[in-house]
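Model the full assembly from the supplied sequences, consistent with the hints where possible.
Which chain is which? The protein sequence lines are S and F, in order.
Just so we're aligned: 68 in our numbering is position 68 of the first sequence, and the numbers increase by one with no gaps anywhere.
In our numbering, each number is its position in the second sequence, counted from 1, plus 1000.
Keep in mind the hints are simulated off the structure, nothing from the lab.
No residue lacks a Cβ here, since even glycine has one placed at the ideal position from N, Cα and C.
Errors might be hidden in some of the hints.
Incomplete in silico selection of chain S near chain F, CB under 7 angstroms [to be verified]:
1. A9
2. A57
3. V59
4. Q61
5. S67
6. P81
7. T83
8. G85
What follows is a set of in silico ranges between Cβ atoms, one per label pair, in the way DEER data are often shown [stated by the list, open to error]:
9. S1123/F x G50/S: 32 to 38 angstroms
10. L1034/F x L54/S: 45 to 51 angstroms
11. S1004/F x R41/S: 21 to 27 angstroms
12. S1004/F x G50/S: 33 to 39 angstroms
13. P1039/F x Q40/S: 34 to 40 angstroms
14. I1016/F x K47/S: 44 to 50 angstroms
15. E21/S x L1034/F: 37 to 43 angstroms
16. D1011/F x E27/S: 50 to 56 angstroms
17. S26/S x D1134/F: 33 to 39 angstroms
18. A1046/F x K52/S: 28 to 34 angstroms
Residue strings, one per chain:
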Amino acid sequence: MKVRLLFFASLREQLGTSGEEVDLPSEVATVAALREHLMQRGGAYGKAFGGKALVRAAVNQDMVPQSAPIRAGDEVAFFPPVTGG
Amino acid sequence: MKISVQRDDFDAGAEIRKLAGDGSVGAIASFVGLVRDVPMTLEHYAGMTEREITKIAHEAAKRWSVIDVTVIHRFGELQPADQIVLVVVAGSHRGEAFAACEFIMDYLKTRAPFWKKEHRAGSAEWVEAKASDDAAAERWIATGKKPKA
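Next up, the structure:
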C-alpha cells in the first residue's frame, strides 16, 4: 500500500527530509501503526516517533487521532503541536 | 468569507473597511497578532492551513450570527513588530462579533498547522506549544460561550 508521508517543522529537521513515498505492509493500517512502523527504523526515526514524543498527525490534510485508518494513496503528515497565531 | 495564507504583509484598515457592507453590519471586531521580541520564521502546511482556517471560520459562523469573516495569516521570515495574523468579524451586534473573533483566534492557535522558529543570537529554536493555548480553545467546548474568568 503506497502512501505519501510529509514531515514538518522540528520533525522535518530531525529526520532530515520533508517527506517520502512509502510502500507499507498491509498490517500498517492506522496512524498509530504507521508511527510504530517508522519508529522501528531506529536512529532519528526511533527518537522522533518514540513513546514520549508529541507528534500530531493529519490524513489528507485533516487532523486525525492516532486510531485513524490509512488507505492507499493517502497523504499522511506528521508534525509537532502547532504554534501559529 | 476571505481566508488567505500569504508571505506578504496586509493592510488591516483596508480589510476592515471591506467588511463594512451595505448597511446590515452594525459591528466589526478585529484582532492583529504581531511578532514580539525576536525575529522568526513561520512554516506552514500549504493546503491544510487554508482548509483548517476555513473550517474554524465556518464553525464561528454557525455559533454566532456573523455576517462576514476575513482571516489573513502570514508565513516566512518575520521581524519584531511585523504583523502575523489578522481576524476580522462583521456582525449585527458587538457581542457576537467580539466572541466570534476571539473564538477564531483561540482555535487557530491550536488547529492551524503553523510552526514558529525563533532566531536568537547564534541559535534558532522551534517554539513549543503552550498548554494555556489548548485551555483557551477548550473553554469554548463546554458551553459554546466564553465562561467568566
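We went through each hint and held it up to the structure:
no. : hint                                : in the structure
1   : A9                                  : holds (4 angstroms)
2   : A57                                 : violated (11 angstroms)
3   : V59                                 : violated (10 angstroms)
4   : Q61                                 : holds (4 angstroms)
5   : S67                                 : violated (19 angstroms)
6   : P81                                 : holds (3 angstroms)
7   : T83                                 : holds (5 angstroms)
8   : G85                                 : holds (4 angstroms)
9   : S1123/F x G50/S: 32 to 38 angstroms : violated (24 angstroms)
10  : L1034/F x L54/S: 45 to 51 angstroms : violated (27 angstroms)
11  : S1004/F x R41/S: 21 to 27 angstroms : violated (38 angstroms)
12  : S1004/F x G50/S: 33 to 39 angstroms : holds (37 angstroms)
13  : P1039/F x Q40/S: 34 to 40 angstroms : holds (38 angstroms)
14  : I1016/F x K47/S: 44 to 50 angstroms : holds (46 angstroms)
15  : E21/S x L1034/F: 37 to 43 angstroms : holds (40 angstroms)
16  : D1011/F x E27/S: 50 to 56 angstroms : holds (53 angstroms)
17  : S26/S x D1134/F: 33 to 39 angstroms : holds (35 angstroms)
18  : A1046/F x K52/S: 28 to 34 angstroms : holds (29 angstroms)
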